[in-house]
Amino acid sequence: MRHTYRIRRRNFLTGAAATGFAYWLQRFEALAQGAEPAKRLLIMHHPVGTVKRNWACTGTETEWQLSRILAPFEPVKSHMVVLDGMDIVAPGPGGGHEKGTVVVMTGVPTRELYPGNGGDDPKAAGPSIDQRLLGITPALQGTPIASLQVSCDDRVDVREISTRRLSYTGPAAPMEPYLTPKETYERVFGSLMMGGSQNAAALANARMLRKSVLDFGLSDLRKLRTLAPSSEHERLDAHEEAVRALETELDQSAQGSGSCGLSETPQELDPFLDTRANRIGNGVYSTVDADKRDDEIHATIGRLHFSVIKAAFVCDLTRVATFQWSPGTNHVSFMGMYPGEPTSIKMHHPLSHEFNNRQVPEFLTNVDTWYSERTSEMLQSLLDTEDAGGGNLLDNTVVPYVTEVARADHTFYDAPFVVFGGAGVGIQGNRLKQYRSRRPVNDMWLAVGQGLGAQGFTSLGTRSMETGPLDILI
Amino acid sequence: MHAQGLSRTTHYRLFRARRGFPTALLLLTPARTAKRQPMRPPRAIARGAGLAVALAWAAGCGGGSLGGDDGSPTTMDGPPGVMVPGVSGPGAPTGGQPPVAGDGEQPGGLPSSGADDPMAGGASGPSRSCARSLPAARAVPFNPRQYRQVLADLVGYEGADQGDLPPGLESDLDVLDRAWVTASVLDRVMREAEAAAESLRGRTADVLGCANLADTACLRTGLSGLMQRAYVRAPEPAELDALMELHAQALGVLPADGGESAALVAVQAILAAPSTLYRPEFLTPAQGDDMRVLSAHERAAGIAAFLLDSVPDDELLAAAQDGSLMTDAGLSAQVDRLLALPRVRRHLTGLVLNGYRATRVFESPKDEALFPEFTASMQASMFAESQRFVEDVLWTRGAPVSELLVGGQTFVDEALADLYGITLPPGMADAEGFLASDLPDGRAGLLTQASVLSGLSRTDKTSVVARGLFVRRDLLCLPKVPAPPEDIQAQVAEQLTAEATETELAMYRAQTQPCSGCHSQFDRFGLALEGFDPIGRTRLPAPEPIDLEGLRPLMGIVERPEDLVEVLVEDDRFTHCMAERLMDYALSTAAAGNAFCDTDALHAAVAAGDGTLGAVIHAIVSHPAFAARKEEQP
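Heads up: the protein sequence lines correspond to chains A and B, in order. Take the first sequence: its letter number 249 is residue 249 in the working numbering, and every next letter is one higher. Take the second sequence: its letter number 254 is residue 254 in the working numbering, and every next letter is one higher.
Worth flagging that the hints you see were computed from the coordinates, not collected in a lab. Hints are not guaranteed to be accurate.
[Stated by the list, open to error] Using C-beta positions, here's what the derived DEER-type ranges look like:
1. B/Pro545 - A/Gly92: 55 to 65 Å
2. B/Met291 - A/Gly258: 58 to 68 Å
3. B/Thr375 - A/Thr467: 54 to 64 Å
4. B/Asp257 - A/Glu234: 51 to 61 Å
5. B/Ala436 - A/Asp291: 33 to 43 Å
6. A/Arg111 - B/Pro342: 51 to 61 Å
Computed from a predicted structure; not experimentally measured. We treat Cβ as the ideally placed atom computed from N, Cα and C, and that holds for glycine.
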């Protein structure tokens, strides 16, 4: 185990110059005194399960070959554990993609539905695993931004919540993800404030005033809380927590991203919002055949979102992030994925339900492979980036690559999961784990938590949904 | 294996002879081996759908009874009242992709049924299960659409994103649960508040009523006025002191621009303050042990959120301040005034159009090969018809809301006239090509308009389920039926791809457990509309009559769509349902445990009026649930 100080002086100086000095000085001192390098959790979600026969890898645990869908991960195979034989155990109400998303991310059964929203939109019955681990894992705590949530597409059939949120602070308390890379950038690196101040002193003043604005709101909030019935306290407390989170960021967060490896502000892109006038591409929601492809901009949005997350990791501005490619009811239209039709444009999720169409499995395979390719590029960039605390970023980041259903027919058994990561987070890479007797997905979370050093994390609370941590740790 | 040594084909023939089953469906249907054994959906046998699960599902629908009091189980003998056996397939186009229950992705993104209510009540019959008659006092946050409107009303901000939300169209009677303010939400609010404040630059003095922004006494007064509008109450001195401290702090570090930048910081603080973001219902001390009456300001805030989609305007706020809003006459006068405002009418029209699915026409693509007429222009015409129709009923004529279902007149352009088979007199249309016209036989009101029917259809065929659920849930407010259990979702999806007409599939469900338990409660409504194709054209053969037996309090034989809508409006059922939906919207009582349930009193208040939307809204805002909150016991 290497926990020695390895940060380079030049990196520190440039980083410190560009970012909040106080925070960097603390980090520098801590690392110099032999503190453990940062550990990180990045949960990445891809939609609509997979086509198992094209996803399953072959070989033994240590001598194995990547499958067609997972082949793009070859460059990061050394940090990859394929989990073959996982079940999404999903008791409670909710639709396929809807409940799957909530249950995978919370690890507890759903209990009730949102009214409306399509009638199958379940509320989360507890916090999501990223927030849960954040709360009990010292190695994930202490950064300016406690956690970051991004999504690359927000379109759904009905205005449901469950498929569009990965993170929850508590029961039925979803955390809204940033939909545009520019928003993500602004959250992490700050763009301040009245009149677009440019110089350092003005920025510092603007930062101070924004904090004062938050403080003003906080006193108002506290007054409301004293008058509110106790049933409203949880909601108002969550608001206060949000105020504190933003205040912490203003105290310490970076002002420039260049030294964190992000030289330019992400370009303006049309967000994929669930509003009538701002739909991109096809003009309609759920349709198999589309007039306009949007896979390219989808990839761009993903890449830019990720560039901000990576920069935040580089400068240790956050250690917890969730990245969602799209809701499970994916409306992204892909060109050239349908067999034999290189110019046809097909929307992912609607076509996935043409069970009688023999070309659909091939289409789904192509799309899932497309996601593997883009995700792999991101993970490669973590692998190629030195971590201030030693090793590379992927060594010290655990990346569960999850989905919300096993297959397009909404079944939950034998679902495809992969975990990426390195020694810093306890992951023994280059492994094919084949669980013939099948394991619930919560066993993956238990192992992830142990690898991160989560305290007292021996159960997610529902015994019927877990058997014990997977054997994927060093 | 087949019982009694009969071949599979023989079973099919016997079954067909006994049931008059359509041939197309017959070819998909395996024989059953015992009288009370469930007949599994096609292709379900290999997957082995569990009987226990199936029975549990049926039980969840109350054994097929609409009101929970019929008690007629739906076995292989079929549910009561379905009169369609023997109907030949109407030849609807088949193929293409069906939606799959469980995603809420019925045609055009139609919601599927949910599983949150036990069976209780009937159409306009008994009240919902009513654990408590008043909602609890809450902090109700503005949703993102409303917050933008709040910013527009308070400081005239017309943000760039405003275009995302065409007025009214994104309003929806189906209220989402109250949002939580997490870090990313607050981050967005801070940015929007900042942008809104910054938009005042150059006119800050005018808006705050201070020619000299360096005059802190005047500024305090101006900010106090803004605060009062935003908070919907008079600010306390301590709150103003804190605001002025913030202003002084800003004044010390921001450029010397006559105090404008510092004033804008104070404006931003007001716009992003929790008292602006939330509509609290607990500022008035409780009166008695179990309830608190909302103050005049809280009442004003509730009315504004309901009708203005924002904070109160000056007149409403004044009525709260002088107390007149707490009198029947004062309340009535304010509601009447608001209902005359164009923006309120637009908002309510949008709620109706969205709540009754007219807007779905834009989200319900059709197979171009089958329906080349369903162009973007045609969709716009369909929506325009509904919009004009709703405006005419609600505002131009001020007719009872039941006219929305039974109205015999509509507005068509040439394209729609062709679709409906109407001959338009030449030269009579308005500038946009529309003309008021009587509907042909077989049509009446929104339910038979092309926008609604298209939105309740699949890409290539109609949807008995979607149309039936729409009638049951959105027009009658009957309790939701549970979605098919996940164990049979895949089988359901496979069945939906079967080469069968909607009528045949409905027949199959009617004859099959566990399907019939729930489908008997809404499929019949959809079958009555099978005379309209996926884009709302009349088609032949006309659907067979349906018998409403087992759907009490509905009863009788429905032969034509006009008969169906007459049943729906009978005994004010539709009006009561609309009142309930609007009440839920007005109260933002999305959380199931906090749902409004005192429907009897609301129905009585509605019945006392003239049946117009105005009367319904008067009944809502006068209802105790709108004016009081249940006091939480420690």
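So, going through the hints one by one against the coordinates:
1. B/Pro545 - A/Gly92: 55 to 65 Å: The hinted range 55 to 65 Å is violated for proline 545 of chain B and glycine 92 of chain A, with Cβ atoms some 41 Å apart.
2. B/Met291 - A/Gly258: 58 to 68 Å: Since the Cβ atoms of methionine 291 of chain B and glycine 258 of chain A sit about 60 Å apart, the hinted range of 58 to 68 Å holds.
3. B/Thr375 - A/Thr467: 54 to 64 Å: Given a distance of about 56 Å, which is inside 54 to 64 Å, the answer is holds.
4. B/Asp257 - A/Glu234: 51 to 61 Å: At 43 Å between Cβs, range violated.
5. B/Ala436 - A/Asp291: 33 to 43 Å: holds, 35 Å
6. A/Arg111 - B/Pro342: 51 to 61 Å: violated, 44 Å
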